[in-house]
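When we follow my numbering, the leftmost residue of the sequence shown carries the number 7, and every step to the right adds one.
These are calculated hints, taken from the structure and not from any lab test.
Glycine residues also receive a C-beta, built at the ideal position from the N, C-alpha and C atoms.
There is no bait here: all hints are sound.
Subject to a maximum C-alpha distance of 25 Å in a straight line, what follows is the list of computed DSS-like cross-link-like pairs (lysine-lysine):
1) Lys-219 with Lys-206
2) Lys-94 with Lys-212
3) Lys-281 with Lys-411
4) Lys-200 with Lys-153
5) Lys-291 with Lys-366
6) Lys-15 with Lys-153
7) Lys-84 with Lys-215
8) Lys-94 with Lys-216
9) Lys-84 with Lys-219
10) Lys-15 with Lys-281
11) Lys-281 with Lys-216
12) Lys-94 with Lys-206
13) Lys-84 with Lys-94
14) Lys-215 with Lys-366
15) Lys-360 with Lys-296
16) Lys-206 with Lys-147
17) Lys-84 with Lys-281
Have a look at the derived ranges for each label pair, beta carbon to beta carbon:
18) Ile-385 with Val-145: 44 to 54 Å
19) Asp-468 with Gly-43: 45 to 55 Å
20) Gly-247 with Ile-177: 15 to 25 Å
21) Ile-377 with Ile-407: 20 to 30 Å
22) Lys-206 with Asn-359: 21 to 31 Å
23) Ile-177 with Asp-288: 50 to 60 Å
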Amino acid sequence: MNEVKNLFKNSSWMMLSQIITGLLSFFWTIITARYLGSSDFGIMSFAMSFAGIIIILMDLGITTYATRNMSRDNSSIKEYYGNLIPLKILLNIFVIILSLLILILMGKSNLTIIVSLIFVFEYALMSLSGLVQGGFQAVGKMEYQAKGIIINSFIILTFIIITCYFNLGLIFLASAYCFAYAIMLIYLIVNSRKYITIPKYNINLKFCKKAIKLSIPFALTSLFTTIYFSIDIVMLSIISGNSATGIYNASYKIITVLTTFFPVYQTVVFPLMSKLFEGSKDLLKLSYIKSVKYLLLIIMPITFGIVLYATPLVTLIYGKGYLNSGPVMQVLVWTVSFLFVNGAASTLLNASNKEVSVTKIYCIAAITNVILNLILIPIYSYHGAAIATVASEILICFLMIHIIKDTSYCPDKSIFKDIIKIILASVLMFIVLKYTGLNMWLGIIVGIIIYSVCILCLKTLDNEDKSLIHDIIK
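Can you make the complete structure from the sequences, with help from the hints?
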């Protein structure tokens with residue numbers, strides 16, 4: 007019961023932070039896209055994607071590795087902080103210099119280089135804050151992490167509004183992200199010293215060498231994940247230009263908002279699964295099964311709704327200048343459902359010391375994604391990039407199922423019956439909304455009612471689900 011209460015408490019804080027961040031990022035994305043236009047928005051999209059790839063070298067998987075181990079033994083947090091924070095600072099300095107050289111060799115314009123370096127520095131601050139957040143996750147005090155995220159989001163939105171109002175330009179707008187993450191990092195460090203530990207910073211070469219070696223699978227997984235999520239934008243920028251990149255990224259940003267719940271799940275459940283791996287294998291299996299069920303229960307109807315209302319949603323948010331983003335989003339939105347299922351599987355495998363298997367899966371998917379982008383982007387432009395991303399997620403899903411079916415955590419047939427019921431309820435909702443021709447706002451209300459009724463009539467929630475919900479409410 008205490009685990010359930012603690013899980014719900016942390017989930018509530020993280021959900022609150024993600025909802026606030028999702029709403030605020032929704033507004034600042036609209037403001038940014040309208041202010042910059044498709045060309046400058048394309049430059050910013052490239053810069054963020056480039057930084058998103060290069061951050062792998064700043065982290066090397068250390069954050070995930072440290073979070074898992076600190077969750078299993080809270081007394082080790084001081085040692086991990088003391089050694090790994092200085093190590094990350096050295097890595098960040100090296101990667102910033104390397105980024106400048108790469109951008110010059112790519113032949114990018116001065117404006118693109120400056121904006122990209124600003125975002126690289128922002129991701130350096132993000133990498134450091136991620137390690138500190140791992141300590142809060144390990145001890146179950148995620149309210150401080152959540153508050154830091156909320157502070158960060160409000161600062162970004164404020165500076166973006168100031169930038170647009172005074173017409174300060176793309177460089178100042180990019181700098182807003184750096185300033186916000188600097189404030190967030192300071193907040194996290196202060197509260198970490200107060201509520202977790204006061205580390206003694208030093209670099210133990212033997213400890214750091216071991217940490218880097220065991221973190222490499224997580225780093226490679228992050229690299230391959232980033233490739234199939236970010237390389238399409240980079241390749242679009244090179245092959246189709248900034249305008250096409252801006253159109254694709256406009257729909258991509260909306261998809262990002264839809265995944266608001268997933269970081270909450272991953273942040274809260276990964277430390278829990280890491281503890282259960284050494285404490286209770288049966289509960290670990292149960293947590294995975296319920297994760298898949300509840301994640302699909304939430305995201306599946308949203309996916310069908312976006313397919314139906316993609317174009318009016320895009321024009322409402324960005325204006326008619328981004329009309330072409332609608333069909334792109336109808337394809338790209340399917341990545342969300344697969345992302346949730348694949349994320350639950352990778353969280354299980356990483357928590358149970360099978361991170362090498364996860365790395366191999368994402369390596370195959372990344373290579374497949376790059377090949378598909380090379381084939382499809384020259385022919386179909388941003389539509390091709392969307393198809394490549396969805397295909398990569400489907401491939402990951404099949405590979406994850408192949409790995410998990412041979413473990414003791416393989417779900418029984420009941421989970422597949424639940425998935426069929428969830429899909430059926432979503433399809434029925436889609437059909438009714440499609441043939442009644444309801445507008446988007448009325449369709450949202452009617453869709454929720456239809457989906458809820460279908461879920462109840464199909465008896466998707468069993469007694470175990472009802473008992474868990476009762477414990478959480480209690």
